[in-house]
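Peer 1: All chains, please: the whole structure from these sequences, using the hints.
Chains as they are written, first to last, in the working numbering: chain A, 1 to 508; chain B, 1 to 685; chain C, 1 to 507; chain D, 1 to 101.
These are calculated hints, taken from the structure and not from any lab test.
Possibly wrong hints are sitting among the right ones.
To be verified - List time: in silico EDC-like cross-link candidates among lysine to aspartate or glutamate, alpha-carbon distance up to 16 angstroms:
1. C/K161 x A/E460
2. C/K161 x A/E459
3. B/K390 x B/E477
4. B/K510 x B/E555
5. B/K652 x A/E312
6. B/K390 x B/D329
7. A/K161 x A/D112
8. C/K161 x A/E379
Unchecked claim - Chain A is faced by these chain B residues, among others (derived, beta-carbon under 10 angstroms):
9. L645
10. G657
11. G668
12. G669
13. W683
Predicted model only: the values in this text are computed from it and were never measured.
Heads up, the beta-carbon is just placed ideally off N, CA and C, and yes, glycines get one too.
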Amino acid sequence: MAVIDLPQWLALAPALILAATALVLFLFDSINPHSTNRTVLSGTTVIGALASLAVAVWYAAAGVGATGIENYGVIDIMDGQFVVDQLALFFMIVVAIVTALVAVASHDYLQDHTYQAEYYSLLVLAATGMSMMAVSNSLVTVFIALELTSLPSYALVAILKDNRGSVEAGLKYFLIGALSSAIFVYGVSLVYGATGSLQLEAIAANLDAAGEMGGLLGLGILMLIGGVAFKTASVPFHFWAPEAYEGAPAPISAFLSSASKAAGFVLAFRVFTTAFPLEATTAVIGVDWTWAFVILAIVTMTLGNFAAATQENVKRMLAYSSIGHAGYVLIGLAALSTSSGDLVMGAAMIHLLVYGFMNTGAFLFVGLAEYWGVGRTFEDYNGLATQAPVACAAMAVFMFSLAGIPPFGGFGSKYLLFSHTIEAATENTALLAAAAALVINSTLSLYYYSRLVKALWIEEPLLERDTLAKPTGLYAAIVAAAVVTAVILAAFGPIADVATEAAATVVG
Amino acid sequence: MAATATGPFGFAPAIAVFPLVAFVITLLFGKHLPKKGALPGIIATGGSLVVSLVMAAAVAGGDAHHTELYEWTAGAAASETGAETIAFTFGILIDPLSALMLVIVSLVALLVHVFSLGYMNAEGETGLRRYYAELGLFTFSMLAFVFADNLLMAFMFFELVGLCSYLLIGFWFRTESAPSAAKKAFLVTRFGDYFFLIGVVAIAATFGTVGFAGEGSFVTAAETAIEDGATLFGFDAQTWVTITGLLVLGGVLGKSAQFPFHTWLPDAMEGPTTVSALIHAATMVAAGVYLVARMFGYYALSPTALSIIAFVGGFTALFAATMAVVKDDVKQVLAYSTISQYGYMMLGLGVGGYVAGVFHLMNHAFFKALLFLGAGAVIILMHHEQDMWKMGGLKDKAPVVYYTFLAGALALAGIVPFSGFWSKDEVLFDALAVGLSEPVILAAYAMGLVAVFFTGFYTFRMVFLTFHGEPRSDTAEDPHPVGWAVKVPLLALGTLAAVAGLVNMAPIAKLAGVDITFLEFWLDGEYGYVEGLTYHHYHETVAEMAFEESYIGSETTTMLLSAGLSLGLALAGAFTAHTLYNVPDPDRHTTKLGGAYSVLKSNYYQDEYQVWLAEGFTLPLARAADRFDQTVIDGVVNGTSQISLFGSDWVKRIQTGIVTNYAALLVGGFIALLLVLGYLGGWFA
Amino acid sequence: MMIEALIAVALIGALVTFVAPNRIAGKLAFAISLVPAALSLWLFGAFDGSGNALRGGELAFESQAAWLEIGDYSISWFVGLDGISLPLVVLTTILCTLAIVSSWTPIDERQSQFYGLILFIEAMLIGVFSALDFFLWFVFWEAVLIPMYLLIGIWGGPRRKYAAIKFFVYTNVASLVMFGSFVALVFGLGDVTSFALPEVATAMLEGGPDGLFGLSGTTLASVVFIGLFLGFAVKVPIVPFHTWLPDAHVEAPTPASILLAGVLLKMGTYALLRFNFTMFPDQVEAYAVPIAAIAVISVIYGAMLALAQTDLKRIVAYSSVSSMGYVILGLVAYTQFGVGGATFQMISHGLISGLMFMAVGVIYNATHTRMVTDMSGLADRMPIAVGVLIAGAFGYMGLPLMSGFAAEYFIFFGSFGSELLSYSALFTSLAMFGIVIVAGYLLFALQRTVFGPYRLETDYEVGRAPVHDVASLLVLLGLVVLLGVAPDLIFDMITDAIDPIVQGGDL
Amino acid sequence: MTVDVQYYVLLSMAVFCIGLFGVLTRRNALLFLMSVELMLNAANINLIAFAFYHGNLTGQLFALFTMALAAAEVAVGLGIILVLYRNFRDVDVTVPTTMRW
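Peer 2: Encoded structure:
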């Protein structure tokens, strides 16, 4: 393809576009504070997100960040504070997709809601933060991106000011978040203390200098894991998640549980692969840090799925299930100690991508239900299929996909993850436990996911409902997500290649 | 394929095909046909009879026929005797034995079809299309079974006749009793067939062939195996032959209603009397005995098997005869006498009396069919009343029925010169001859001999109660008339019952030294024959493998002795019946039997224990299994899900909703992780 | 591309039916389903394959296209037919068509969804029997669960929800175990570069896996063998993993039962044949006796359970367990007739059990009860349907000249003299006792339901069965008799595909 | 005269633990927030001390970032606490438990 020479900083374009969108929205808001012109606002957001998506896809296609391409190899910006590689682009794409879906859905969800502009600008700011997380290559930038994501998220969760649920969710999210970030920062300080640098490669380079401060470094790393665990809603930093997802407006729950989680993981992938290469780190701190992730993965997926199994509130069930999925993805980090670590991580990335569609879709369906005002429990959903077959078919697709039933995307990613875990287990038998946990948990998950399908399709409605509206935006978002979830399996070839290569660049 | 066969034999398949076509036609168009499909049946069976006669003639002309019609399937055999491949085929084997049997079957079938016109149509039965279709299907299966040239084919049609028997017994399916009797009949025979099938499979798996005749037959294979002293499935050859032979015998006992599988036959009388005549007297029940005769060469290799056959036969003969003594239902008497008569045939075959057995098979087919049809006629006369105590004095009202029935009775009782005498006598003579050196056989012979007395008794008890004395009911006063369709078959069979015995008058032959034992010559391959399936071949095998015969004095004296003995006993029995029952108003005389009466009346409690086996043992066992399945096995499955859901309920309680607890748990979890890693990393060292 | 065409027609048909109005959905689906049926029959005629798909045999209608590369392994769209899979495909298409016809009467709500799901499941089933790449095969294998779950759940009986979820979760966990075991095997096999079954099978023959998880190669093979066996055992189902079956059958609507018994159970035995008994000859030999024991137990125990039932559907359901036991016995015999007979039994049982469930369904439509105790003398009211039912019952009992006898005889003959299985004669004789018990419970059921004086507890007016039902019953009966008289119609191609397996590893 | 770095570490750890203690024990949202601030500042102590120890300014720079972000965090936090009070008429963090299990 034709080689176009762009200034290097433009490699950050996907994130910058989002930031610009945020500013545009602010501008609009300052000009017309009380505008409730939902079309313009969500339209702008969608355009911004799609633009960011387009650019990211273009870069990825053009080979930016791909190893072994001379002009566009991995791009370092501000002497390595930021790095744009395939990994970064992959997750920028995920974030952009989710943002777009959420924005489209919000158009209807937010009708007759006062703070339109704030909502969208906060949304885009958070998205910007996530995009930045994908490219951050220094603990400083990581932390800033982290906070840039968190602070708007707190506000977004609590944005329904007169809704006790929303506020309570916001509070819990915020408090746990603050605590976690404090722990994270302290971890950063310890790592800095041990290695004397915050730029990831530099940390890796100075590991041996840590010397007698191995214990401190270990503690620091553990605290970093804590910060990541918070973002990805993994045990033991997951406590905010059920409430936050349940209380927040459904689109925001979708946004946090998909995009925010993905961002948290890209952070983990980058930090732990770049800054703490296994052999060197193990030499200093005396323990292979993947053990932490093995434990976390098993505990997280088990806790998430078990807690989800008997929920009565659909949104809460999805919240717990999203914890469970975080557990699945954590295997991607747990397996790094093996030679097939890049494959497992690639599979984990694919799972996050597919998850971006199916989980977002699922939460958006809940949003649709809230829009209809049918109620929040399984019983309230009974027999919706007779009135809204299309949306319910989409929801069935999401559920089966989340449960890992073919021919849907979730099946592909989960089983890739599963088989690679087994492959990795040939070197680290502890991963067999993870694989076993995966089997047990997805069986259990099948139970509660199909419970929702049962409610929608099999049960009879408890009480008569009047006809349900068909909001264009929500429907569009849900159907789009469903279609992609349904057909993505066929396109797994290229996706798998990209993901695996991206993983290989950081792991290798 | 059959066309390859030369001459008349090319038409052999037609014997079976005619009734099959009749079956199809009746099934499809029976409703619109005149006589509801009787005509296709009559035509078809007539055709079969003609072709069968042609076959017999051809055999008489010194010819025999063995050809493969159609290959069912073929494949690799992992046989013990090293045969690499095996082919399962449908083929035709027409030798003296099968030719004879074909004639018998098609003849009786024809007569029964004709009789049915009087018995079913004239009586205005419904469901005649079904009746004639099933009759056609039966005739087809039976004839195909008869000319089957291998064991598997035999088994297949053996099963099919079982099906037809089931359907025809249950013809009056709207009653409670008929379906249950049908079910019982099928189940009991099925139980026998279970062993039969094992036998078939075992023989196939052992010798890699299931053929009856020729070099490729399993009989030949077995002979060679025994000669080579081979070991088959861990047994020495002869033991294995015995085992497999006895397994096949299971099916025989079931079909021919031999002890302990005899219980179904009396119940089978629930079916129309015509069916009883055709299936449960003349043909299907004969299938078992016929099968033994068919593969006699195989049994001849095993004295154990033979003596078991003989003993079971002798025992059944007596056993059933005693039960027949106390029955009041005319059909019941006949049913038990059938069982008993087949016992004689088994006895005959079991002692190596191949000719005797087949001879009695033939005679019995005629006279028992006759008796059943006669009984049928009586039942018409009596407006479907079957209790002999309500009859009486019919002999003047229906002379034709009476005299033909009498002929049958004399044959059954074995009174010279009626057919039954000659064959039964020969059976007993052979048994005696062998028995003199084989105690087991002697016991069997003794039982057979005693049975002769009972036979004479119950036969004439039946005759006297039915036809003699004063009418004991209004219907007996003026019976329903019977038409030509009833009389013709009776006359035909009556004649046969009277004269059929003349074809093999062994005693006369011995005394007068003239060669008039035609049946023996027939079976001995004096005319057409298939190598290895002849009487003297069997005879030699038996002599070499199993028994040698010995005589009291000379052979002739022994023969006369046995003949006189049996005739005397038969007459004694008949006379006893005469004194007791041939009076104007006979008495039941049950008290004379005392305690024995109840035992006999309830058939030695045979049905009881078999019913108990089915309903008192198997069913509860099944229910127990079901409970086990529902509680234990399914309980584990549901338990697992219950436990996980309970676990879920427990896990989610961690989320108390109070944020400070979260902080505490968070920190606690973090510290736990810290401790684990710290321990692994030795940071606290 | 013929197979793709088959699947595509069914899939597109499913979508079309799904959006079609309820009124015409039934007829439309029937019309659509005729296409795959005809196509598959054409395939049957044009079949030019030979040998076994996994043993370097000549595949018919093969087509392969790369799908995705994961690490050192490639996954591809790889379909093709051999003598084992082709008859099953034909069975599937025919049964689906008949199932559609048989649902015209009972299904009176949400028809378009119902028929759409039937066509969808048809597509997936065809995929299961034709896919030759493990991952692709697994996609179809699992995808079958969704429509069946909904069919049972939506149109089922009173306890349908319990039955549906039980079926769904139980079989799914089995699939996961099976998937894990097989993947482990592939990683254990050194030089395999794809999930294509033929390649894996070849590798298994050429030395089998190297060690894994610190297990030796042979131990790993055994572990995987057991894992796969357990996974498939649930699907077959083999005692003691059978308890989902009666629930599913009893609650499922008639057409679903037909497909469940007719085809879905065969997925399990088909997989057993393709995986365990093709790839692991050594393990088969090692575990022959226990497997045979399980088979015998399945036969007898299943039959005993059937004897205890009073619900016609439960009876047939448990007898399916019993019949599947014969299949296992035939497989473990590892002779041409044994394995061939087992495959033949898959087809035969598919037809006969389909016939039985269809007939029971017809009775149910008329009487609205399936309880043996609630009725008697039905022969008086619906003679033809009952006639076919009786014929089917005798087919089930293995009446000669019907396919059931051929199948069972092949199995018995094949297993009686099996060299690989010790005590083969004993096992066979024990298993054969099933033919007595089956006669027992079927004849009892017949005597009490169709014979005797007419009586019906539920107050419905029972008339003659609808023509289309009788027609489809007769079609099945015809096929059963045809295969019984001329088994070589398919047995030749089956044995042709079986021989490479039972004759050991030479490719 | 210079103080060895480990003393700074001990100090920061102490402060951190005090903050943590506050987080675990205080039910008032504002105190909770302050405790978190303590923990953040503990980190700052570390950063600056280590910056001095390593002789590069990265630490100090990062400390500035931390303070700024802490301020922002407090801002958002106070907003949330405000709406909390408005909805629950209380700033006790253990009061809102409408969502649990």
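Peer 1: Are the hints correct? Go through all of them and say.
Peer 2: Tested hints:
1. C/K161 x A/E460: OK: C/K161 and A/E460 at ~12 angstroms, within 16 angstroms.
2. C/K161 x A/E459: Holds - the C-alpha atoms of A/E459 and C/K161 are around 9 angstroms apart, at most 16 angstroms.
3. B/K390 x B/E477: holds, 10 angstroms
4. B/K510 x B/E555: Distance of about 9 angstroms is within 16 angstroms: holds.
5. B/K652 x A/E312: holds, 12 angstroms
6. B/K390 x B/D329: Given pair B/K390, B/D329 holds - Cα atoms ~10 angstroms apart, limit 16 angstroms.
7. A/K161 x A/D112: Judged against 16 angstroms, a Cα distance of about 14 angstroms means the pair holds.
8. C/K161 x A/E379: holds, 14 angstroms
9. L645: holds, 6 angstroms
10. G657: holds, 7 angstroms
11. G668: Nearest chain A Cβ about 7 angstroms off; hint holds.
12. G669: holds, 3 angstroms
13. W683: Since chain A brings a Cβ to about 4 angstroms from B/W683, closer than 10 angstroms, the hint holds.
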